[in-house]
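Single-letter residue listing:
2 protein chains.
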Amino acid sequence: MSTTVTLAVDCMGGDHGPRVVVPAAMRFLESHPEVFCILVGQREPIERELARYSGVASQRARIHVASEVVAMDESPTLALKHKKDSSMRVAINLVKEGNAHACVSAGNTGALMGTAHFVLHTLPGIDRPALVAVLPNMRGHTYVLDLGASPDCKAENLLQFAVMGSTLVSAVENRERPSVGLLNIGSEEIKGNAVVKQTADLLRASDLNFVGNVEGDAIFTGGTDVIVSDGFVGNIVLKASEGLSRMVRTYLTEEFRRSPLGWIGALFAWPALASFKRRVDHRRYNGAILIGLRGVVIKSHGSADRLAFESALGRAETAVRTDVLGRITARLTPATASQAA
Amino acid sequence: MSTTVTLAVDCMGGDHGPRVVVPAAMRFLESHPEVFCILVGQREPIERELARYSGVASQRARIHVASEVVAMDESPTLALKHKKDSSMRVAINLVKEGNAHACVSAGNTGALMGTAHFVLHTLPGIDRPALVAVLPNMRGHTYVLDLGASPDCKAENLLQFAVMGSTLVSAVENRERPSVGLLNIGSEEIKGNAVVKQTADLLRASDLNFVGNVEGDAIFTGGTDVIVSDGFVGNIVLKASEGLSRMVRTYLTEEFRRSPLGWIGALFAWPALASFKRRVDHRRYNGAILIGLRGVVIKSHGSADRLAFESALGRAETAVRTDVLGRITARLTPATASQAA
Numbered sequence: 001m002s003t004t005v006t007l008a009v010d011c012m013g014g015d016h017g018p019r020v021v022v023p024a025a026m027r028f029l030e031s032h033p034e035v036f037c038i039l040v041g042q043r044e045p046i047e048r049e050l051a052r053y054s055g056v057a058s059q060r061a062r063i064h065v066a067s068e069v070v071a072m073d074e075s076p077t078l079a080l081k082h083k084k085d086s087s088m089r090v091a092i093n094l095v096k097e098g099n100a101h102a103c104v105s106a107g108n109t110g111a112l113m114g115t116a117h118f119v120l121h122t123l124p125g126i127d128r129p130a131l132v133a134v135l136p137n138m139r140g141h142t143y144v145l146d147l148g149a150s151p152d153c154k155a156e157n158l159l160q161f162a163v164m165g166s167t168l169v170s171a172v173e174n175r176e177r178p179s180v181g182l183l184n185i186g187s188e189e190i191k192g193n194a195v196v197k198q199t200a201d202l203l204r205a206s207d208l209n210f211v212g213n214v215e216g217d218a219i220f221t222g223g224t225d226v227i228v229s230d231g232f233v234g235n236i237v238l239k240a241s242e243g244l245s246r247m248v249r250t251y252l253t254e255e256f257r258r259s260p261l262g263w264i265g266a267l268f269a270w271p272a273l274a275s276f277k278r279r280v281d282h283r284r285y286n287g288a289i290l291i292g293l294r295g296v297v298i299k300s301h302g303s304a305d306r307l308a309f310e311s312a313l314g315r316a317e318t319a320v321r322t323d324v325l326g327r328i329t330a331r332l333t334p335a336t337a338s339q340a341a
Numbered sequence: 001m002s003t004t005v006t007l008a009v010d011c012m013g014g015d016h017g018p019r020v021v022v023p024a025a026m027r028f029l030e031s032h033p034e035v036f037c038i039l040v041g042q043r044e045p046i047e048r049e050l051a052r053y054s055g056v057a058s059q060r061a062r063i064h065v066a067s068e069v070v071a072m073d074e075s076p077t078l079a080l081k082h083k084k085d086s087s088m089r090v091a092i093n094l095v096k097e098g099n100a101h102a103c104v105s106a107g108n109t110g111a112l113m114g115t116a117h118f119v120l121h122t123l124p125g126i127d128r129p130a131l132v133a134v135l136p137n138m139r140g141h142t143y144v145l146d147l148g149a150s151p152d153c154k155a156e157n158l159l160q161f162a163v164m165g166s167t168l169v170s171a172v173e174n175r176e177r178p179s180v181g182l183l184n185i186g187s188e189e190i191k192g193n194a195v196v197k198q199t200a201d202l203l204r205a206s207d208l209n210f211v212g213n214v215e216g217d218a219i220f221t222g223g224t225d226v227i228v229s230d231g232f233v234g235n236i237v238l239k240a241s242e243g244l245s246r247m248v249r250t251y252l253t254e255e256f257r258r259s260p261l262g263w264i265g266a267l268f269a270w271p272a273l274a275s276f277k278r279r280v281d282h283r284r285y286n287g288a289i290l291i292g293l294r295g296v297v298i299k300s301h302g303s304a305d306r307l308a309f310e311s312a313l314g315r316a317e318t319a320v321r322t323d324v325l326g327r328i329t330a331r332l333t334p335a336t337a338s339q340a341a
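Protein sequence lines, in the order shown, are assigned to chains A and B.
Using this note's numbering, read the first sequence as starting at 1 and increasing by one per residue.
Using this note's numbering, read the second sequence as starting at 1 and increasing by one per residue.
No lab work stands behind these hints: they were computed from the structure.
Any copy will do: because identical chains look the same in the list, a pair fits if it lies in one copy or spans two.
Here are the simulated lysine-lysine pairs, DSBU-like style, with alpha carbons at most 35 Å apart:
hint, residue 1, residue 2
1, LYS191, LYS96
2, LYS96, LYS154
3, LYS81, LYS191
4, LYS197, LYS84
5, LYS154, LYS84
6, LYS154, LYS81
7, LYS197, LYS81
8, LYS191, LYS84
9, LYS84, LYS96
10, LYS81, LYS96
This is chain A alone, in the form it adopts within the complex (with noise of 0.2 Å):
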């Protein structure tokens, strides 16, 4: 691998398009000199926003037109048939013929993980790909798999899951042997539907680190470094989670302007409100990994600003420069046979 990074950066996504990811595209430069980001789409709107950078930085970065923007409302069947130059299909290109090394997207979720699964195909030894965040929890942050892109699954992919949770925990955090939970409903052996049940065989048979069933709190009370679950309940706890979040925000918000000494408490509280609101900072955890396809992308959430953007830029280097995808592949091709025989 090169010392150099390219990133493909679809600059059309996201709630903001151009006027974020441009922005945050610059900055990441500025602090990654070892990064180059190919910009991906049209090239107006990007050159109107790279017109305020003018920067060693900036020679770091070059466009690459697509002509077509996905929508976030818009089919991903549809986008995946009748798009063929959206900035999201040409940026995941560029990874498939080698000239980036990963893409990064804040466009339509279910397009780029249709998109990036039909170009891309998955490694050798995985069936399904799957949708890797990094949850923030009371004792540091657990990786959650799969948040949304294989919603119906096999124990198999379950099992594939774990290794890839694993491995690229071990990979981008430097961890000896992870510890992987499997989401349930408690943590006896005998909980859980049947295809949990065949999965927790599975784990146990298998050479991770593997502790067992974990219930939903497990992902916020910490303890666990990867938790393993089906991509339509991993989905769910996501959503519901950022639901949860928002709520508490706009209560406590509304709380602070209601009362009578609200704003005089919120002066008096603000390094403790400030300090608070930086350890669950979503925009720091920004940048879910699609992982198990043959390329690495990146999701960020559509309506990422500049300094989430930079996050999800930053996670995708990271898991270039780890070479998470090679040792995914050197560890389940020769784990796929073993377990064929």
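Dock chain B against the given chain A, drawing on the hints supplied.
Using the frame of chain A, we list chain B on its own:
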């Protein structure tokens, strides 16, 4: 129905047993003159707590002795098989025999669900029970089911859950046609696994006010009266939300303690923080209904304090007074007949 509602209260369940349950029952009786409580459990610890109450309310309580206690971590199967004289079992028997209108327990969830199902059986037209809780959200609250009684569900089960949830909300919230959402990974009809898609078809064909698929965040952003899922997904979402809430509480407390201005800040911010706490106080929402059985069974959180257990008692009384079970039976019997036709 008589104007007096009789509640069978399992005094031995939960983390605190009679120390919390008996005072909660006494407080509840004081504020609810048309309620009678049968305090089920070991005579001595219950009497010790009762001794502190001499008011008229205590005349509406009597002890019903049960010699055994189901431990919080005991196997539900073993409890069901061997502890025929547990406080939990006896409390459920009182409902079965018509000596109490409802039973309330903070005991072992699995044992309570298993025993209640075994003793009471399901209502006509219902194949499986569901655990329903009321969760607070940004626009009020939502009834979510199933939270863990039936982890493996077919579409027919989920349809029955929707009917039960809708009838429950009609009864206790006095609402004409409650909106019903199906928990899924996207609002489009093509989303989700096979069971969910089939359920959506059944719901669309039903006479319920079905508003379509809802994503996980809808639980907390609000706007839907009833949200339906199988017990596997529902339980994991509930536990994850509990974990996230605990994390937020812990972080907020830590930050106020850590910051130099933290204590002063907390002082000035007190009204806002207290009001915030009240709004999200899970104790007010304590008391999940195990619905679909031939008797009202309420599960209190194991860690419930007095206030929380009072909420659970209130939930039981309301369910009895509004004749939730009678309404479900009336609604489901012809519905099932017409479906079979």
